[in-house]
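Peer 1: Protein chains in written order, with our numbering: chain A, 1 to 882; chain B, 1 to 161.
No wet-lab data here; the hints were simulated from the structure. Backbone N, C-alpha and C define an ideal beta-carbon position, used for all residues, glycine too. Just to be clear, a hint being listed does not mean it is correct.
As the list claims (entries may be wrong) - List time: in silico DSSO-like cross-link candidates among lysine-lysine, alpha-carbon distance up to 30 Å:
{"no.": "1", "chain 1": "A", "residue 1": "Lys420", "chain 2": "B", "residue 2": "Lys45"}
{"no.": "2", "chain 1": "A", "residue 1": "Lys95", "chain 2": "B", "residue 2": "Lys29"}
{"no.": "3", "chain 1": "A", "residue 1": "Lys41", "chain 2": "B", "residue 2": "Lys29"}
{"no.": "4", "chain 1": "B", "residue 1": "Lys53", "chain 2": "B", "residue 2": "Lys43"}
{"no.": "5", "chain 1": "A", "residue 1": "Lys95", "chain 2": "B", "residue 2": "Lys53"}
{"no.": "6", "chain 1": "B", "residue 1": "Lys45", "chain 2": "A", "residue 2": "Lys406"}
{"no.": "7", "chain 1": "B", "residue 1": "Lys133", "chain 2": "B", "residue 2": "Lys109"}
As the list claims (entries may be wrong) - Here are some of the chain A residues that sit facing chain B, going by a computed Cβ distance under 10 Å:
{"no.": "8", "residue": "Ile384"}
{"no.": "9", "residue": "Ala421"}
{"no.": "10", "residue": "Ile842"}
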Amino acid sequence: MSSIKQVINDAVEKGKEVYEKVRQPNPIRLRDLIRQIRSAKTAAEERAVVNRECAYIRLTFREEDSVWRCRNVAKLLYIHMLGYPAHFGQMECLKLIASPRFTDKRIGYLGAMLLLDERQDVHLLITNSLKNDLNSSTQFVQGLALCTLGAIASPEMSRDLAGEVERLLKSSNAYIRKKAAVCALRIICRVPELMEMYLPATRSLLSEKNHGVLITGVTLITEMCRQSPDMLAHFKKIVPNLVRILKNLIMAGYSPEHDVQGVSDPFLQVKILKLLRILGCGDSEASETMNDILAQVATNTESSKNVGNAILYETVLSIMDIKSESGLRVLAINILGRFLLNADKNIRYVALNTLLRVVHADNSAVQRHRSTILECLKDADISIRRRAMELCFALINGNNIRTMMKELLTFLEKAEPEFKASCSSKCVLAAEKYSPNVRWHIDTLLKVVEAAGNHVPDDVVSSTIQLISETRTEQAYAVGELWRHLSIAQMEYQPMIQVATWCIGEFGDLLLSGHADVTVVESELIDIYQKILWSSQCSITTKEYALTSLMKLSARLTHEIGSIQQVVSAFGSHLNIELQQRGIEYSQLFTRHNHMRGPLLERMPPFEGTRAGTEQDKATITNGVDTPLDNESLLNDLTSPNNNAHETSESNALLDLLGGMEPGDSDTIKSTSTSISLTVASTPSVNADILDLLGGLDSGPAASVPTTNMNEAPPTQLPNSSNAAYLLDGLLNNSTPIISSPSSPVTNSAGTIPTSNSIYPLVLQKSSIPGITAYDKNGIRLDMAFELQETLITINLIASNNTGAQVTDFLFQAAVPKSIQLQMLNPSGTNMAPTASLTQLIKVNNPNKVPLRMRIKLSWLANGSPVQDQGEISNFPSALWQ
Amino acid sequence: MMQFMLLFSRQGKLRLQKWYEAHPDKVKKKITRELISTILARKPKMSSFLEWKDLKIVYKRYASLYFCCAIEQQDNELLTLEVIHRYVELLDKYFGSVCELDIIFNFEKAYFMLDELMVGGEVCETSKKNVLKAIAAQDLLQEEEAEDDAMYYGGYNIRML
Numbered sequence: 001m002s003s004i005k006q007v008i009n010d011a012v013e014k015g016k017e018v019y020e021k022v023r024q025p026n027p028i029r030l031r032d033l034i035r036q037i038r039s040a041k042t043a044a045e046e047r048a049v050v051n052r053e054c055a056y057i058r059l060t061f062r063e064e065d066s067v068w069r070c071r072n073v074a075k076l077l078y079i080h081m082l083g084y085p086a087h088f089g090q091m092e093c094l095k096l097i098a099s100p101r102f103t104d105k106r107i108g109y110l111g112a113m114l115l116l117d118e119r120q121d122v123h124l125l126i127t128n129s130l131k132n133d134l135n136s137s138t139q140f141v142q143g144l145a146l147c148t149l150g151a152i153a154s155p156e157m158s159r160d161l162a163g164e165v166e167r168l169l170k171s172s173n174a175y176i177r178k179k180a181a182v183c184a185l186r187i188i189c190r191v192p193e194l195m196e197m198y199l200p201a202t203r204s205l206l207s208e209k210n211h212g213v214l215i216t217g218v219t220l221i222t223e224m225c226r227q228s229p230d231m232l233a234h235f236k237k238i239v240p241n242l243v244r245i246l247k248n249l250i251m252a253g254y255s256p257e258h259d260v261q262g263v264s265d266p267f268l269q270v271k272i273l274k275l276l277r278i279l280g281c282g283d284s285e286a287s288e289t290m291n292d293i294l295a296q297v298a299t300n301t302e303s304s305k306n307v308g309n310a311i312l313y314e315t316v317l318s319i320m321d322i323k324s325e326s327g328l329r330v331l332a333i334n335i336l337g338r339f340l341l342n343a344d345k346n347i348r349y350v351a352l353n354t355l356l357r358v359v360h361a362d363n364s365a366v367q368r369h370r371s372t373i374l375e376c377l378k379d380a381d382i383s384i385r386r387r388a389m390e391l392c393f394a395l396i397n398g399n400n401i402r403t404m405m406k407e408l409l410t411f412l413e414k415a416e417p418e419f420k421a422s423c424s425s426k427c428v429l430a431a432e433k434y435s436p437n438v439r440w441h442i443d444t445l446l447k448v449v450e451a452a453g454n455h456v457p458d459d460v461v462s463s464t465i466q467l468i469s470e471t472r473t474e475q476a477y478a479v480g481e482l483w484r485h486l487s488i489a490q491m492e493y494q495p496m497i498q499v500a501t502w503c504i505g506e507f508g509d510l511l512l513s514g515h516a517d518v519t520v521v522e523s524e525l526i527d528i529y530q531k532i533l534w535s536s537q538c539s540i541t542t543k544e545y546a547l548t549s550l551m552k553l554s555a556r557l558t559h560e561i562g563s564i565q566q567v568v569s570a571f572g573s574h575l576n577i578e579l580q581q582r583g584i585e586y587s588q589l590f591t592r593h594n595h596m597r598g599p600l601l602e603r604m605p606p607f608e609g610t611r612a613g614t615e616q617d618k619a620t621i622t623n624g625v626d627t628p629l630d631n632e633s634l635l636n637d638l639t640s641p642n643n644n645a646h647e648t649s650e651s652n653a654l655l656d657l658l659g660g661m662e663p664g665d666s667d668t669i670k671s672t673s674t675s676i677s678l679t680v681a682s683t684p685s686v687n688a689d690i691l692d693l694l695g696g697l698d699s700g701p702a703a704s705v706p707t708t709n710m711n712e713a714p715p716t717q718l719p720n721s722s723n724a725a726y727l728l729d730g731l732l733n734n735s736t737p738i739i740s741s742p743s744s745p746v747t748n749s750a751g752t753i754p755t756s757n758s759i760y761p762l763v764l765q766k767s768s769i770p771g772i773t774a775y776d777k778n779g780i781r782l783d784m785a786f787e788l789q790e791t792l793i794t795i796n797l798i799a800s801n802n803t804g805a806q807v808t809d810f811l812f813q814a815a816v817p818k819s820i821q822l823q824m825l826n827p828s829g830t831n832m833a834p835t836a837s838l839t840q841l842i843k844v845n846n847p848n849k850v851p852l853r854m855r856i857k858l859s860w861l862a863n864g865s866p867v868q869d870q871g872e873i874s875n876f877p878s879a880l881w882q
Numbered sequence: 001m002m003q004f005m006l007l008f009s010r011q012g013k014l015r016l017q018k019w020y021e022a023h024p025d026k027v028k029k030k031i032t033r034e035l036i037s038t039i040l041a042r043k044p045k046m047s048s049f050l051e052w053k054d055l056k057i058v059y060k061r062y063a064s065l066y067f068c069c070a071i072e073q074q075d076n077e078l079l080t081l082e083v084i085h086r087y088v089e090l091l092d093k094y095f096g097s098v099c100e101l102d103i104i105f106n107f108e109k110a111y112f113m114l115d116e117l118m119v120g121g122e123v124c125e126t127s128k129k130n131v132l133k134a135i136a137a138q139d140l141l142q143e144e145e146a147e148d149d150a151m152y153y154g155g156y157n158i159r160m161l
């Protein structure tokens, strides 16, 4: 009786409890919350809903409510995805994970993967739960734990749970084994020294039937091979197994379970191909074993759909990476060629990207697809056009430059603004490297400047000007072409006007004298200049070019000087301060200093140094192109000794003129000396030549050491930035910095022997060791004088020009036996007028006191035509090493 | 290895995020914002790939939803498109012609599905059948628990989300 009563009482109690539970206002359901949030009309309204719910969820968390925990965490995860803070839910996730119920665990682990960061304390707690669940008897609980471990394992968790994962890797259940394999992968990524532990278990993974285990097993082995050379060597023996698996895959008939549009398990195929690539890389034997299967995959894979192409793409990568037969490599490149014709833009993109990777290894094979690649320049997809452009520049060589450049210029003309700058710079580089002749080179640069419109970078403008300035024979042609451009020019394209005005200013006489196969009347010239100078579309920089150019023309024209004076003096009241200053200063040259105008406005000496060669010296060139260029002509002429003949009172007036330009002056000198030192540093052919030279003296790997020394100042004098190093270099070169400015036309245009040379003989006389004449041929004489400090020999080299011609681009290179260190400082210049000379300091350290020999190579341009010679100096005085 | 996967709508709303590399929350948000705006700004005729930092981004639009994956340099972007497609197929089978709303209201299920297809950023099951079987079995476990609860709480399924 009492027991019945007891039962009834219990039932009533339980009923009350349940009633209590459901009577309470239940927390709203996840889907209702989502609806509420979605119906919020403004961001503020949404925030209000979220904040209210978050406050409520916090409250239930604090009350340790376990009944609704799962629902509340799920809601919190939704709120988290909207971007609101949700980290107060971390501990609740851990509680859910610790719950015995699967529903709780499922949400708990999901929350852990989304909310947990690298916080140590929480991780310790989750590690214990993971350990328990990895040992659960329910495979899906084990699966949840493995999945979480695979996503968030930290190094500590990896160490703590590595053993559990190893055990599960040997489980009889494929569902567990595949997930354990990915966890093992994650663990060895976090803690590589745990790798050994998984080695025995990996062996059986490849003899599986289950594709899940196979793919994760292959992935795990791939990572092991990637991380450790020992593992790589160990797994070489599985190549035949992999080949067999791959063969079975492609030979097996249709299997609905793993079929993707007619391809059998592409996911697994790609993983195997990737592992084969790693195993075959640099190993002829392994490569040999996989050659056939790669050929089979490459020929048998259906290429009409993305999935087949994914496999072909991976196959191509493998073929190119391993030591495959040449026939196979051609096959691979041809697959990429076919890709280029594919209608799917993704496949075209992948093809171009891959070709770009292999173009340096198999240039000739890629060349065969040149026309297809050129077609891609017209693709509708911008990223494909970008790749195609890069690839085109990689394909340019001396043989195809004409056709390639033609296509690229068409591309450049129509290209988006974002392409124009980089494309035009690359065109200039390619033309510099491969142009068949100077005329073509000039034509191309002019076309680049024209096609790129206002997007021409400064370095292209200066390269073009420099090329024309250097090439005496083509100046008449160039100036004619430029006049054609200028006479029909649209005023909005600045770079072309800048190049044209600069060149016409310098070489306008050629234009007027009929050398340029166009006939120009002086008044036409003036009209165009007026148009430029008063156009509202022309930039200030362009007007600066034009004004200086017009001024230069005043020394080249005969009839229209009056109108030039008029135009120039009008600028004396220009709003722009720079133009105004030029206007005023130039006007002075028509009035008070009229007699100086002729000599001042003489033609600029040809530029020195490399044209835009590397990214590195871009800044230098930009520096030189704007105002300094124009200042330079004025300044250098003003300081040249020619003008010393004038009365002192006048030079005082000139000093006033100079005042405004002083900063420009130092800038100019710096930038030119920088570009000179880069000449040596950035021209690979020069270095190669030196290596050649060295080859003759010593054969051996150490031969490259002196090459590097040549370009650097001694380590003790090296400041931090490399640019500064070069600047200093120029200064260290000579005793007086002013003389050292190598391109200063003092040496070139003046024709007199510059003061710098008179210093050296004085120094030389002090030395007790007799000097030698190292070389005296072709009108060039090299004299050397020596100073000896223990093992350090300082050689003062004086090169003098007895050719009777203008010598430019003079380059002296030297190599010594490998026990001797050689350092060459920058020469005082690279140009010599007839009877002039230049100097260079060479430092030689001979610690072993071996007899000094020096192999030398000389090159220069005599009146523009190149001369080259080499030889060996063996008549050094023996006092140098005894 | 896949580094992360993002699902977002044409309006730029995040619908799913799966991270296989640890990042602070702030960084995740920044990456998400950046990629969503970059991808939404791309024109339909552009390719599905973009280079982003040292990763390759592969994305594809299915109806109103963008699927976007970040993979590493050595990974195959064409195959990643297949992984995305496989995921969409699985969701489609599970929900029955899936739409964006299914994923919004059942986001946890969408996560569960992804976790059966991929673990730690690697594909771990290439058979659709096996993935769906595992999901169905786990859903069944939950239903059994729900029935037990209902008996206890007088018909109330308190474990329902």
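Peer 1: Each hint needs a verdict: does it hold in this structure or not?
Peer 2: How the hints compare with the structure:
1. Lys420/A <-> Lys45/B: Between Lys420/A and Lys45/B the Cα gap is close to 22 Å, so the pair holds against 30 Å.
2. Lys95/A <-> Lys29/B: 27 Å, holds
3. Lys41/A <-> Lys29/B: 23 Å, holds
4. Lys53/B <-> Lys43/B: Holds. Lys53/B to Lys43/B sits at ~21 Å (cutoff 30 Å).
5. Lys95/A <-> Lys53/B: With Cα atoms ~38 Å apart, Lys95/A and Lys53/B exceed 30 Å; violated.
6. Lys45/B <-> Lys406/A: With a Cα-Cα distance of about 27 Å, the restraint between Lys45/B and Lys406/A holds, given a limit of 30 Å.
7. Lys133/B <-> Lys109/B: Distance of about 14 Å is within 30 Å: holds.
8. Ile384: 6 Å, holds
9. Ala421: 19 Å, violated
10. Ile842: Not OK, violated: Ile842/A not within 10 Å of chain B, min 45 Å.
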